[in-house]
Structure formats: C-alpha cells, structure tokens
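Colleague: Spelled out, the chains give:
There are 2 protein chains.
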Amino acid sequence: MRKGAETRERILEIAEASVLAKGFAATSIEEVIAEAGITKSGFFYHFKDKNELARAMLRRYVEANDRLFDDIFERGRQLSDDPLQAFLISLKLLAEIMADLPNGHPGCLIASICYQERLFDREVRELTTQSVQSWNARFRAIIDGIARVHPPCQHIDLDDVADMLSCVVDGGIIMSKALNDPRRLERQVLAFRGFVKLVFTQAAQAAMPPPASAVAAE
Amino acid sequence: MRKGAETRERILEIAEASVLAKGFAATSIEEVIAEAGITKSGFFYHFKDKNELARAMLRRYVEANDRLFDDIFERGRQLSDDPLQAFLISLKLLAEIMADLPNGHPGCLIASICYQERLFDREVRELTTQSVQSWNARFRAIIDGIARVHPPCQHIDLDDVADMLSCVVDGGIIMSKALNDPRRLERQVLAFRGFVKLVFTQAAQAAMPPPASAVAAE
DNA sequence: CCGAAAACCGTACCGCAGGTACAGTAATTC
DNA sequence: GAATTACTGTACCTGCGGTACGGTTTTCGG
Numbered sequence: 001m002r003k004g005a006e007t008r009e010r011i012l013e014i015a016e017a018s019v020l021a022k023g024f025a026a027t028s029i030e031e032v033i034a035e036a037g038i039t040k041s042g043f044f045y046h047f048k049d050k051n052e053l054a055r056a057m058l059r060r061y062v063e064a065n066d067r068l069f070d071d072i073f074e075r076g077r078q079l080s081d082d083p084l085q086a087f088l089i090s091l092k093l094l095a096e097i098m099a100d101l102p103n104g105h106p107g108c109l110i111a112s113i114c115y116q117e118r119l120f121d122r123e124v125r126e127l128t129t130q131s132v133q134s135w136n137a138r139f140r141a142i143i144d145g146i147a148r149v150h151p152p153c154q155h156i157d158l159d160d161v162a163d164m165l166s167c168v169v170d171g172g173i174i175m176s177k178a179l180n181d182p183r184r185l186e187r188q189v190l191a192f193r194g195f196v197k198l199v200f201t202q203a204a205q206a207a208m209p210p211p212a213s214a215v216a217a218e
Numbered sequence: 219m220r221k222g223a224e225t226r227e228r229i230l231e232i233a234e235a236s237v238l239a240k241g242f243a244a245t246s247i248e249e250v251i252a253e254a255g256i257t258k259s260g261f262f263y264h265f266k267d268k269n270e271l272a273r274a275m276l277r278r279y280v281e282a283n284d285r286l287f288d289d290i291f292e293r294g295r296q297l298s299d300d301p302l303q304a305f306l307i308s309l310k311l312l313a314e315i316m317a318d319l320p321n322g323h324p325g326c327l328i329a330s331i332c333y334q335e336r337l338f339d340r341e342v343r344e345l346t347t348q349s350v351q352s353w354n355a356r357f358r359a360i361i362d363g364i365a366r367v368h369p370p371c372q373h374i375d376l377d378d379v380a381d382m383l384s385c386v387v388d389g390g391i392i393m394s395k396a397l398n399d400p401r402r403l404e405r406q407v408l409a410f411r412g413f414v415k416l417v418f419t420q421a422a423q424a425a426m427p428p429p430a431s432a433v434a435a436e
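Going line by line, the protein sequences match chains A and B. Quick note: the first sequence uses the numbering used here, first residue 1, plus one each step. Quick note: the second sequence uses the numbering used here, first residue 219, plus one each step.
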C-alpha cells in the first residue's frame, strides 16, 4: 500500500521531468520505467494508459502549484498589512523561486499540454481549464483587495492584470528556454511587479486634475 | 521545379497546423502525407527526415512573423509621427490580428519547439534562439525610440518591457488555448499596451519634481 | 518535340514504442 | 499465515519513423 504509492510517485516525478523537457508525446514509457527501475507491467499496474498518467501528473502539478501560491501569498500578507505591499513582496518571492530554472520551476505542464491538446482526453483538458481559471480568480481576488485601498489607474482592466501574471510566467518560461537564460523569467515577474506598482500608485494623477499627493498613502 | 515548391509548401502548411494543434512528436508523417495527397516516398523526397521538416517549418514561420511585424510597425509609423503613438497603434493592430485565433494566429511554433527541445538538433534550437533575440531587439529599438522623446518611468527596465511583449503574446496564446477563449490573447496585448502607456506618460511625476511638459513633444 | 532532370509512386523492409493479455511471483500487511 | 498488493516475464499486435531502391510520370529548357 505505502510502497505502491512510493513507486507511483517516483514514476510521476520522472515522467513530469521528461514531459517538461521533451513534451508528452516524446516521453516514452520505456524510458520512464528504465529510470524508475521497474518493468512495463509494473507501469501499467499503476496507470492503465498514458492518458491516466497525464491526469495524475496534472493533478500532482496543480496541487503543488497551489501549495506554492498559498505559501507565497501567505508570507506576503505576514510581512505587510497593506495588500499592495503584500502582493509586491509575494511577487518578489515568486521571482526568486522562478530564478533557478530548472530546479525551482522547470516549466509549466499546463503550457506543455496546451500545445498538445489533441493528445489528451476531455478530462485532462477540463483540468487545465479549471486550474487556469482558479489561478486567475485567485490573482483577481488579491488585485481586488488592493483596489479597495489604492485607487487603480483608469483604462486598465483589473481582470487583465490578474490574467497577466500567468501569461507573463508562461511566456517567461518559454523565453528562458529559448534563450537558455533562466533569469529572463525572474525579470519578467519583476517587470509585472513594476506594472502592478504603476497601476496602483500613479493612478490619482491620471484620474483627477490635481497631480500631487496619493503617492505614499497608507 | 515550380510544382515541387508548391508541394513542399503544402506539406509545410499542413505540418505546421498539425504541430500547433498536437505538438511536433504527435504529428505523424503519414497523416501529413494523407492530407497532402502524396506518398511517403514523395515526402522524403522533399525532406530527408523529420528534423529537416522542423527546420523548414521554423524558417517559414519566422519569415512570416517577421513580415507581419514589418507590416504592423510600418503602418503604425505611417499613422503617427510620435514614436509612442505609433507603437500604441501598432499594438492595437497586433491585438486585432491576434483576436481571431486560430485563423490569424493559431499558436507559436517557437513555444511549441521550446517544450520539446530534446527532439530537435542544434540548428533548430539555434534558429529559435536567434528569432527570439531578433524580435526582442526589434521591440527594444522601438522602445528606445520612444524613450528618446518621452522620459520613461524610473525603476522600469526597458529591456524587460521589450521582452514582455513576446512573453505576453506567448502566455496569452497558452491561456487562450487553455480557456478556449481567443479574446484573452487580444486583451493581454492590449493590457501590455496599457503598461507601455503608463511607463511613458506617467513618468515625469515620479522622476522629476515639475510634473508638467514632456507629454506632447515632437 | 525531345531528352534530361525533377518530382514523384510502390513495395518491401527494419526497429522502436505504445499497448494488451495473462500467468506467475515476491513483498506487505492484516 | 493468508490475502492482498505490487509487481515480473513473456509473448504478441499495431502504428510510425525511417531506409532502400527501382520504376514512372511530369515539367521544363533547348
């Protein structure tokens, strides 16, 4: 019972690394079982086919990511009472974690799956949709909390700002991989941080005629 | 001679659509030739192996993208003498084109390749690196032109702003695919546009004491 | 119009990977 | 110690990438 879960976990870990490095289709089961030290029969004992492996991998990935976000945003809130400052702190923590590709964050499984959508069944695709939606909603809630205290810049849709975090991370991962420079991802997260800062600290000038004050509020 | 190039082009088009939909590894040659109406021998007459197909596809994609950027940024410059306004116009055009996934922009081949790096040889990977670098340099040059006229906001690295466009587009594509909502990509490009606007129009207040002037120069 | 090159077609074959089936065995746990 | 769990081993089928190579049609320049 416990030993089975261990093997299963080992398979998932090896498979995930392979998928992030080569894509799902190019990840051969034979390679995974060779690295895991089991036989093909052993593999199919745990997962009836490749699609079930994908489902399990995705669930594992989403859960780990959720825990990461829980941790990062919780720490931000601990370090500042101001929701904007807390978010900015959290983004800095996120950037730090992202900095050491591939150890910290070797890639995004969601992105990998999105580019191979036809390979997976409906359940896998629904899982990706739900995850992205839940992350967006989470970011949106935080942004909303900030907007309640700091007036946001007009003509900037806060939904889009929330979405942008995921986009910048995914895009940053791709650029880091393309240029073989892990620091690009870190810098993109920090650039997004700068954007958030701009949206919530330089808003008063654009919205109202008097251009003074409102910078160091709260 | 001419007919050969036609067939070759047809193969590339079919293969590209398939790669963007399913990934490179899952794109079977047999499927491509079936759709192209040729035989396997015919395929291998044009491309000695799958890697050569990848190279040709990538080159084709990069050239098309370059032409698109040439066109978009040229039109922006035609519509305004101010480099910032020109860029903002170009970004709006870009957003419009991106709006109709998958017709206008079914995905990014670079991103697809990045998530399957081990499948390709050195030349393909170098091609992706060069392309991304050249796009970043292009955006950076435009941003630089803007900064010469409009003082940028401090604490925002212009290299990162330039990089961010590619990141937002790639990330936006992924999100659009994940949520099955093509408009997300459009909105992300527009959100980036909002960011650029903020960086170059609300800078004076933060950087210098006198908050007037410098807006409508040139 | 003709000949040569270009652009294919057909067939046969190899190796590898995903996947199935199923019988047998070793390790855990109750 | 028995039952369940967690595998191993073998055998086999399918589909795909890729090679080889001989034959055929199409195209184009002279």
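Misleading hints may appear alongside valid ones.
Computed footprint of chain A on chain B, listed as stretches where at least three residues anywhere in the stretch have a Cβ under 8 Å from a Cβ of chain A [as the list claims (entries may be wrong)]:
id, region
1, 336–347
2, 379–391
3, 397–405
Dumping the calculated SDA-like pairs for lysine to any residue here, alpha-carbon to alpha-carbon at most 20 Å [as the list claims (entries may be wrong)]:
id, chain 1, residue 1, chain 2, residue 2
4, A, Lys22, B, Ser246
5, B, Lys268, B, Phe338
6, B, Lys240, A, Asp121
7, B, Lys240, A, Lys197
8, B, Lys268, A, Ala25
9, A, Lys22, B, Lys310
10, A, Lys22, B, Thr347
11, B, Lys310, B, Leu297
12, A, Lys50, B, Ala243
13, B, Lys240, A, Leu127
14, A, Lys197, B, Thr419
15, B, Lys310, A, Leu93
Keep in mind the hints are simulated off the structure, nothing from the lab. Built from N, CA and C at the ideal position, the CB exists for glycine as well.
Colleague: Now tell me if each hint is right for this structure.
Modeller: Now for the hints, and whether the structure bears them out:
1. Residues of the region 336–347 of chain B with a Cβ under 8 Å from some Cβ of chain A number 4, which satisfies the need for three, so the listed coverage holds.
2. Remark: the region 379–391 of chain B is confirmed as covered by chain A, as 10 of its residues place a Cβ nearer than 8 Å to a Cβ of that chain, reaching the required three.
3. Against chain A, the region 397–405 of chain B contributes 4 residues with a C-beta closer than 8 Å to a partner C-beta. That satisfies the three-residue criterion, and the hint holds.
4. A hinted pair counts as satisfied when its Cα atoms are at most 20 Å apart, and A:Lys22 with B:Ser246 qualifies at roughly 16 Å.
5. Between B:Lys268 and B:Phe338 the CA atoms are separated by roughly 9 Å; this keeps the pair inside 20 Å, and the hint holds.
6. Using a Cα cut-off of 20 Å, the hinted pair B:Lys240 and A:Asp121 holds, with the two alpha carbons roughly 13 Å apart.
7. A threshold of 20 Å between alpha carbons decides the hint, and for B:Lys240 with A:Lys197 the separation of about 38 Å lies outside it, so the pair is violated.
8. A C-alpha spacing of about 15 Å is found between B:Lys268 and A:Ala25, which places the hinted pair at or below 20 Å, so the restraint holds.
9. This hinted pair does not check out: A:Lys22 and B:Lys310 have alpha carbons roughly 35 Å apart, beyond 20 Å.
10. Between A:Lys22 and B:Thr347 the alpha-carbon distance is near 17 Å, which keeps this suggested pair within the 20 Å criterion.
11. For the given pair, B:Lys310 sits about 12 Å from B:Leu297 by alpha-carbon distance, which is consistent with the 20 Å threshold.
12. A distance of roughly 15 Å separates the Cα atoms of A:Lys50 and B:Ala243; the hinted pair therefore holds under the 20 Å criterion.
13. Taking the CA atoms of B:Lys240 and A:Leu127, the gap is about 18 Å. The hint holds against a cut of 20 Å.
14. At roughly 15 Å between alpha-carbon atoms, A:Lys197 and B:Thr419 fall within 20 Å of each other, so this suggested pair holds.
15. In summary, the hint linking B:Lys310 to A:Leu93 is not supported, as the alpha carbons are separated by about 33 Å, beyond the 20 Å threshold.
Hint compliance for this structure: hints 7, 9, 15 are broken, all remaining hints hold.
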